[in-house]
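There are 2 protein chains.
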Amino acid sequence: MTAEILCVGTELLLGDIVNTNAAFLSRELARIGVGVYCQTVVGDNAKRLEESLALALSRADIVVMTGGLGPTYDDLTKETVAAYFKLPMERDEKALEQIKCFFHKIGREMTRSNEKQAEIPKGADVFYNKWGTAPGLAVSQNGQTVIMLPGPPSEMKPMFAEYALPYLEKQSGRVFLSRTVRLFGIGESALEDLLHDKMSRAKNPTIAPYAGVGEVSLRITASGADQEACERLIEPVLQEITEQVHPYIYGVDVPNMQFALVRLLQERKWKIATAESCTGGLLSARITEIDGASEVFDCGVCSYANEIKQSVLGVSAETLEQYGAVSRQTAAQMAAGIRKLAKADIGISTTGIAGPGGGTPEKPVGTVYVGIDSEKVKKVLHLKLAWRNAEDERQTIRHRTALHAFFEALRLAKEV
Amino acid sequence: MTAEILCVGTELLLGDIVNTNAAFLSRELARIGVGVYCQTVVGDNAKRLEESLALALSRADIVVMTGGLGPTYDDLTKETVAAYFKLPMERDEKALEQIKCFFHKIGREMTRSNEKQAEIPKGADVFYNKWGTAPGLAVSQNGQTVIMLPGPPSEMKPMFAEYALPYLEKQSGRVFLSRTVRLFGIGESALEDLLHDKMSRAKNPTIAPYAGVGEVSLRITASGADQEACERLIEPVLQEITEQVHPYIYGVDVPNMQFALVRLLQERKWKIATAESCTGGLLSARITEIDGASEVFDCGVCSYANEIKQSVLGVSAETLEQYGAVSRQTAAQMAAGIRKLAKADIGISTTGIAGPGGGTPEKPVGTVYVGIDSEKVKKVLHLKLAWRNAEDERQTIRHRTALHAFFEALRLAKEV
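Sequence lines, in order, name chains A and B. Everything in the first sequence is counted per my numbering, starting at 1 for the first residue and increasing by one. Everything in the second sequence is counted per my numbering, starting at 1 for the first residue and increasing by one.
Check before you lean on any hint, since a few could be wrong.
Identical copies look the same in the list; a pair holds intra-copy or inter-copy alike.
Distance condition first, Cα-Cα at most 27 angstroms in a straight line; then the derived DSS-like pairs of lysine-lysine [as the list claims (entries may be wrong)]:
| id | residue 1 | residue 2 |
| --- | --- | --- |
| 1 | Lys379 | Lys105 |
| 2 | Lys363 | Lys105 |
| 3 | Lys384 | Lys105 |
| 4 | Lys86 | Lys363 |
| 5 | Lys363 | Lys130 |
| 6 | Lys203 | Lys86 |
| 7 | Lys384 | Lys130 |
| 8 | Lys384 | Lys100 |
| 9 | Lys94 | Lys116 |
| 10 | Lys271 | Lys379 |
| 11 | Lys86 | Lys414 |
FYI, nobody ran anything at the bench for these hints, they're computed from the structure.
Bound conformation, chain A alone (with noise of 0.2 angstroms):
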């Protein structure tokens, strides 16, 4: 089966916003086996939306469109459906019913122009909306399928889980269920080399890497009659891959490294400390971005000035003036004075030149030292991050090196 994706909203064409739904939707669909081959934005235009559309159903067996599917007159989408396919529009009492307790929920009074949103090309299934006013909807008719979804991510992306995803699957007559496996420390292409095989020989489940910035994931996805068919299908595989690469994995279905960090110091009931130079907040702005992060997470300082490095982290005179203030030295002593400071099971640090000045021939751009610091281990990761692209440079280091502080913290915590 092959799809397009056609979203609407002058928003778009004018750049005010990313299109996230169109990637969103392709690696959605690219799991259960659907190939994109088309992804198009047009405006609140009737002549170019009925145009795209048809051009769109010409080539594919679904068209999954975003947005224009608010009260306004210009909001065409469901209007130009129903063209298409040739229905007569009728109102959803059930879908008005959900559009009034929504404005009930969030305290303000619906307007007449809202009651447009509970119209429907006669015959379409009907994805009623938890997350705002406008019902998604599906129409299917000689093996040609449409499906509307509202543009905000916010409601698009739990619609198209929640209601969408089990439409297609029940007229394949299969579900699909994917595991993500996330790595670090491994580049996509020495993974793939390593798992080249098996992931050629895969058919069910399929398996496919998606690099990001210094990390990779690889997703399992099966098929079968049920989501007990396909975890039997998906566990050997999962099983398979996770001995050969284990020293890479930092967690299966999590959303990030901060969050796996989170979870397993809040299993052990450990306590995580950081004491940041060179990325300056950014391990702990990320360690507090999950919740929870409060009953693994005290204490954080971010001592960019020399002065701070002594008097709040302990850091010696001696140390920064010989060795510098980049150095392996000071980086321990970083990570076990915010470890005593916080009370803490695990101290973490962060000492280097992000740029894009302050490098030297020495210690150039992208030197940073990290430091880890517990009862029975202490240890400082070297690490030379330069990276060429000048503009993002900075921030690339930075991310970079908070990657490398939190794996070490999970392995050091996963070790134990």
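Go by the hints and put chain B onto chain A.
Frame of chain A; chain B shown alone:
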């Protein structure tokens, strides 16, 4: 003049990456008065690429393409455009030289396949690439223009500014200049209400609002014979707008609030220090994102636990007991405490309930206090930042808290 954007890349169709190029190009084209009516993404497929190009050129004067300029056989952009305009391909020696130089610069060997990147449609304008290997190209014939840029945003964006924009300006016989006024504390619709007459009357320069998360921008764009003529047109409008909404303006032509703050503090030779609870290091992470931050920032403390608020920042046990950690009194003592610890000119603090848990009827999720402390000014803001979108609520509350804190610090540094 109208344009369409045609992005080529299988990684976009798979949803591996989000198409930020389309938004960037749409915005840049809108700025110079070129309306974008359609954005399309296709993969590395000869037939579909050919069809999409022909369709786009049948509807628009200009097609801006990104991607598909790589060295491999499935990079087809140039070849497709050459075929459309019936131009032979030929080698551009200067482009080849540039590619060799680039590989030399990054210390890697050029491969044979990269030679393909120096092949161009005969007679095309070549945009030599200083940021990567693939040169950009422009072909104009019979009122149809195709501009080809590399896919990576770090190459595409500077190449658009340096080559494509002047190329389009040359065609239109005018140059364009924009200035962006950044505002905080006023919503997009309130701003439009205030400036409605001015905005709808404005022809040259034009005035366009853009809504960000928690902030708004106004872009003033003039067209004229040269940069100076544009500046003369913009100046009085910028001045009028400044007079009308100056309490909300945090900067002109600055990328974000932390940039404006760091630059102003550098000017003032002031130091700032941060004491963070609910933002957990976000303030210090953002300040240190800006190069030069070390001149204005020595120390930030993320005091997530009450004990740290007491031991490191000197918040009194009585205050914590009587008013709680999330209170006006605690915020004030945190700001004063960090200012003293860091020997800074300004101390800023945050304490609040970012959610999803931790709310109470008296202090629901979104209750935040921001403290500001300087020698002359001591102030605490009480914010209510609850946001209905559950998924992002925690991050949105933290983000908005940071904006409020930085804005107050900016105001303080400006007033003196």
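Please work out whether the CA atoms of Lys271 and Lys379 approach to 27 angstroms or closer within one copy, between two copies, in both situations, or in neither? within (18 angstroms within a copy, 33 angstroms between copies)
At most 27 angstroms between CA atoms: does that hold for Lys94 and Lys116 within a copy, between copies, both, or neither? within (13 angstroms within a copy, 60 angstroms between copies)
Indicate which option fits the pair Lys86, Lys363 if close means a Cα-Cα distance not exceeding 27 angstroms: within, between, both or neither. Neither, since 69 angstroms and 53 angstroms both go past 27 angstroms.
Pop the pair Lys384 and Lys130 into one bin, within, between, both or neither, using alpha-carbon distances up to 27 angstroms. between (48 angstroms within a copy, 24 angstroms between copies)
Lys86 and Lys414: within-copy, between-copy, both or neither at 27 angstroms Cα: neither (60 angstroms within a copy, 62 angstroms between copies)
Please sort Lys363 with Lys105 into within, between, both or neither, judging by C-alpha distance up to 27 angstroms. Between copies only: 20 angstroms across, 57 angstroms inside.
State whether the alpha carbon distance between Lys384 and Lys105 is at most 27 angstroms within one copy, between copies, both, or neither. between (52 angstroms within a copy, 18 angstroms between copies)
Should Lys203 paired with Lys86 be assigned to within, between, both, or neither, using CA atoms and 27 angstroms as the limit? neither (40 angstroms within a copy, 43 angstroms between copies)
Give the relationship of Lys363 and Lys130 under a CA distance limit of 27 angstroms: within one copy only, between copies only, both, or neither. Only across copies: Lys363 and Lys130 sit 26 angstroms apart there, 54 angstroms inside one copy, limit 27 angstroms.
One pair to classify: Lys384 and Lys100, alpha carbons no more than 27 angstroms apart. Within, between, both, or neither? The answer is between: 25 angstroms across copies meets 27 angstroms, while 57 angstroms in one copy does not.
Within, between, both or neither: how does the pair Lys379, Lys105 come out at a Cα-Cα threshold of 27 angstroms? Classified as neither; 52 angstroms inside a copy, 35 angstroms across copies.
Checked against the numbered hints above, the structure breaks hints 1, 4, 6, 11 and satisfies the rest.
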